[in-house]
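A.B. asks: Residue numbers (the UniProt record's numbering), protein chains in the order written: chain W, 1 to 411; chain G, 1 to 113.
In case anyone wonders, no lab produced these hints; they're calculated from the structure.
A few of these clues could be false.
Unchecked claim - Pair ranges (Cβ atoms, derived):
#	chain 1	residue 1	chain 2	residue 2	range
1	G	Asp50	W	Leu168	32 to 40 Å
2	G	Glu77	W	Pro173	24 to 32 Å
3	G	Glu81	W	Leu168	33 to 41 Å
4	W	Val171	G	Ala80	29 to 37 Å
5	W	Gln373	G	Asp65	47 to 55 Å
6	W	Gln222	G	Arg104	53 to 61 Å
7	G	Asp65	W	Ser331	48 to 56 Å
8	G	Ala22	W	Thr172	21 to 29 Å
9	G	Glu101	W	Glu45	33 to 41 Å
10	W	Asp345	G	Glu101	54 to 62 Å
11	W	Pro215	G	Lys25	48 to 56 Å
12	G	Lys25	W	Ala216	44 to 52 Å
13	G	Ala22	W	Gln373	43 to 51 Å
Claimed, not checked - Not everything, but these chain G residues come out facing chain W in the computed CB check (under 8 Å):
#	residue
14	Glu21
15	Ala22
16	Leu39
17	Arg43
18	Ala46
19	Val58
20	Leu61
21	Thr67
22	Leu79
C-beta atoms are modelled at their ideal positions from N, C-alpha and C, and glycine is treated no differently.
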Amino acid sequence: MGTKLLVTHGTDGDVLPFVRLGSLLRERGHDVTVITHAPYGPAIERRGLGFVAIDTEAEYERQLADTAPLLAGNRLDRWRGFYERNGLFGQITAEYEAIAERHVPGGTVVIGRHTSALSALMAAEGLGAPAVWAAVSPIQIMAERPARHLYATALKSGLAGVRAAAGLDPVTPWGRPDLQLGFWPGWFDEAGARSSGTLLTGFPLADDRSFPVPPAAAELLQGPVPPIVVTGGTGRMMHPAFYERAVAGCAEAGLPALLVVRHRDLVPRPLPQNVHWVPALPFHSALAGAGAILHHGGIGTIARALVSGTPQVILAHGVDRPDNAERLAASGLAGWLPAASWRPDLIAALLHEAVRTGAETLTAADGLAGAVQEIERLAGTGRSTEQGPALPPGLSGPRRAALLKVLEARR
Amino acid sequence: MNEALTPTEAAVTRLWAELLEAEPKSRDADFFELGGQSLTLLRFVARVQDAYGVELPVEMLFAEDLTVAVAARAIDESLAEGADDGRLEELMAELDALSDEQVRALLAEGGDR
Numbered sequence: 001m002g003t004k005l006l007v008t009h010g011t012d013g014d015v016l017p018f019v020r021l022g023s024l025l026r027e028r029g030h031d032v033t034v035i036t037h038a039p040y041g042p043a044i045e046r047r048g049l050g051f052v053a054i055d056t057e058a059e060y061e062r063q064l065a066d067t068a069p070l071l072a073g074n075r076l077d078r079w080r081g082f083y084e085r086n087g088l089f090g091q092i093t094a095e096y097e098a099i100a101e102r103h104v105p106g107g108t109v110v111i112g113r114h115t116s117a118l119s120a121l122m123a124a125e126g127l128g129a130p131a132v133w134a135a136v137s138p139i140q141i142m143a144e145r146p147a148r149h150l151y152a153t154a155l156k157s158g159l160a161g162v163r164a165a166a167g168l169d170p171v172t173p174w175g176r177p178d179l180q181l182g183f184w185p186g187w188f189d190e191a192g193a194r195s196s197g198t199l200l201t202g203f204p205l206a207d208d209r210s211f212p213v214p215p216a217a218a219e220l221l222q223g224p225v226p227p228i229v230v231t232g233g234t235g236r237m238m239h240p241a242f243y244e245r246a247v248a249g250c251a252e253a254g255l256p257a258l259l260v261v262r263h264r265d266l267v268p269r270p271l272p273q274n275v276h277w278v279p280a281l282p283f284h285s286a287l288a289g290a291g292a293i294l295h296h297g298g299i300g301t302i303a304r305a306l307v308s309g310t311p312q313v314i315l316a317h318g319v320d321r322p323d324n325a326e327r328l329a330a331s332g333l334a335g336w337l338p339a340a341s342w343r344p345d346l347i348a349a350l351l352h353e354a355v356r357t358g359a360e361t362l363t364a365a366d367g368l369a370g371a372v373q374e375i376e377r378l379a380g381t382g383r384s385t386e387q388g389p390a391l392p393p394g395l396s397g398p399r400r401a402a403l404l405k406v407l408e409a410r411r
Numbered sequence: 001m002n003e004a005l006t007p008t009e010a011a012v013t014r015l016w017a018e019l020l021e022a023e024p025k026s027r028d029a030d031f032f033e034l035g036g037q038s039l040t041l042l043r044f045v046a047r048v049q050d051a052y053g054v055e056l057p058v059e060m061l062f063a064e065d066l067t068v069a070v071a072a073r074a075i076d077e078s079l080a081e082g083a084d085d086g087r088l089e090e091l092m093a094e095l096d097a098l099s100d101e102q103v104r105a106l107l108a109e110g111g112d113r
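Kindly generate the complete structure, drawing on both the sequences and the hints.
C.D. replies: In structure tokens:
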């Protein structure tokens, strides 16, 4: 069935969908390698997939710690500094080399995380391998235009070096993928800015992390009052007050809470008596026992909560989270607060409301199974047949309509 | 707010108040000083596109001083551009840059997106 090379960056919400996509492709007989951060190696290899580390665990942790300043301000040069400090230009070169080594002419598709996996576009250009960009949240599509501006300005010289090292013309503008996928459903897309030129396959529904619920957490989840599960996801690109305000909200609500945060230094001290900390929790088995989940608005957490029918309250700040939260709230599926309103009484009111009203369990097609079909179609034909070719970025809404008017006039 | 804002400045003020941590108090209020982030700016751009049917220039997303007045001026200029022949020429050039397949895809999809 050919070779499928997956390249992804970020935290669980970005990486786990690719790991599971790789597993599904392998089950279908494809030879799969995932190229990503070192800490995900064991989980990838356990599934019988090939793995190439793009960093070391220490480098990955250092890079995560360096992401918080990216949230503030808009100066172009902060991005160049981030790429340089974290060796990201060299990382793209290493990714491309790993792809080129494994590339089988005529039988390889490269699937990269939207916007960040430039190595996938390089593979299309330099090796002729069909390239797929897969986005995990709509804001990635919204961010494509400024990202391409960054590639053409602040990151231009660094990327020219990357291209030259791969034997590509240093100044040719970046191309477009042969297929662009979005791992969210149509109703979520329609609840905010629409994603043009993107084939939507639905949320990735299964959780890839399987391990026993820690005993103290199990006791809480089986207790008389279902606890609030509090999580800010697995990243560190967070509002500094997130955990403190979330914990204060649970205390104000008088509800027991299970605080799930991987990084010990982010845990507020001292914790109120009704809040218990665990570094990780297998959400797919544990969320069903929660009264509600109070979280940051990461798309992976949103999908997990929808699937397990857990009511959601979102304290959204930064990256894709306010956009995700707005879409969910507009669909009547969550309550949310922007950072300026993170007051214990407001959080407690939303938690009580969520616990009282409950939530429906989402039944939907698995977006990753849909993605496998599209990738196989692309591998067979060289292009996606359902959505047609990906349109240039920015061709949405009125601009698209204006272009259509011109087209109509020309006919 | 004790100064007379233009209608577009007033609209920008309303949009920023909705998106940011604090309401802009004047036309010189700065997006980033009010707690705005680059991805919040993308949501502002999406709302402008929704409300005015114009796509703000990408350079504005990286402007050094993004005040209410600067954002409002960018909207007004984009609207003015949309009204003249230059806009049509730009669209024609954009159309010429599309492949036949892309043009067919656009026509097949219609203008409802």
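A.B. asks: Each of the hints needs a verdict: does it hold here or not?
C.D. replies: Here is how each hint holds up against the structure:
1. G:Asp50 x W:Leu168: 32 to 40 Å: 38 Å Cβ-Cβ, so the 32 to 40 Å window holds.
2. G:Glu77 x W:Pro173: 24 to 32 Å: holds (26 Å)
3. G:Glu81 x W:Leu168: 33 to 41 Å: holds (35 Å)
4. W:Val171 x G:Ala80: 29 to 37 Å: Since the Cβ atoms of Val171 of chain W and Ala80 of chain G sit about 33 Å apart, the hinted range of 29 to 37 Å holds.
5. W:Gln373 x G:Asp65: 47 to 55 Å: Because 48 Å falls inside the window, the suggested range holds.
6. W:Gln222 x G:Arg104: 53 to 61 Å: Taking Cβ atoms as reference, Gln222 of chain W and Arg104 of chain G lie about 58 Å apart, which means the hint holds.
7. G:Asp65 x W:Ser331: 48 to 56 Å: violated (37 Å)
8. G:Ala22 x W:Thr172: 21 to 29 Å: Violated - the Cβ-Cβ distance for Ala22 of chain G and Thr172 of chain W, about 44 Å, lies outside 21 to 29 Å.
9. G:Glu101 x W:Glu45: 33 to 41 Å: holds (40 Å)
10. W:Asp345 x G:Glu101: 54 to 62 Å: Hint holds: Cβ distance 56 Å, inside 54 to 62 Å.
11. W:Pro215 x G:Lys25: 48 to 56 Å: holds (53 Å)
12. G:Lys25 x W:Ala216: 44 to 52 Å: The hint (44 to 52 Å, Cβ to Cβ) holds, given that Lys25 of chain G and Ala216 of chain W are roughly 49 Å apart.
13. G:Ala22 x W:Gln373: 43 to 51 Å: Holds, at about 47 Å.
14. Glu21: holds (4 Å)
15. Ala22: holds (7 Å)
16. Leu39: For Leu39 of chain G, the interface hint holds, since the closest Cβ of chain W sits about 6 Å away, which is under 8 Å.
17. Arg43: holds (6 Å)
18. Ala46: With a minimum Cβ separation of about 4 Å from chain W (threshold 8 Å), the hint on Ala46 of chain G holds.
19. Val58: holds (5 Å)
20. Leu61: holds (5 Å)
21. Thr67: Hint on Thr67 of chain G: violated, closest Cβ of chain W at ~13 Å, above 8 Å.
22. Leu79: violated (11 Å)
Of the numbered hints listed earlier, those contradicted by the structure are 7, 8, 21, 22.
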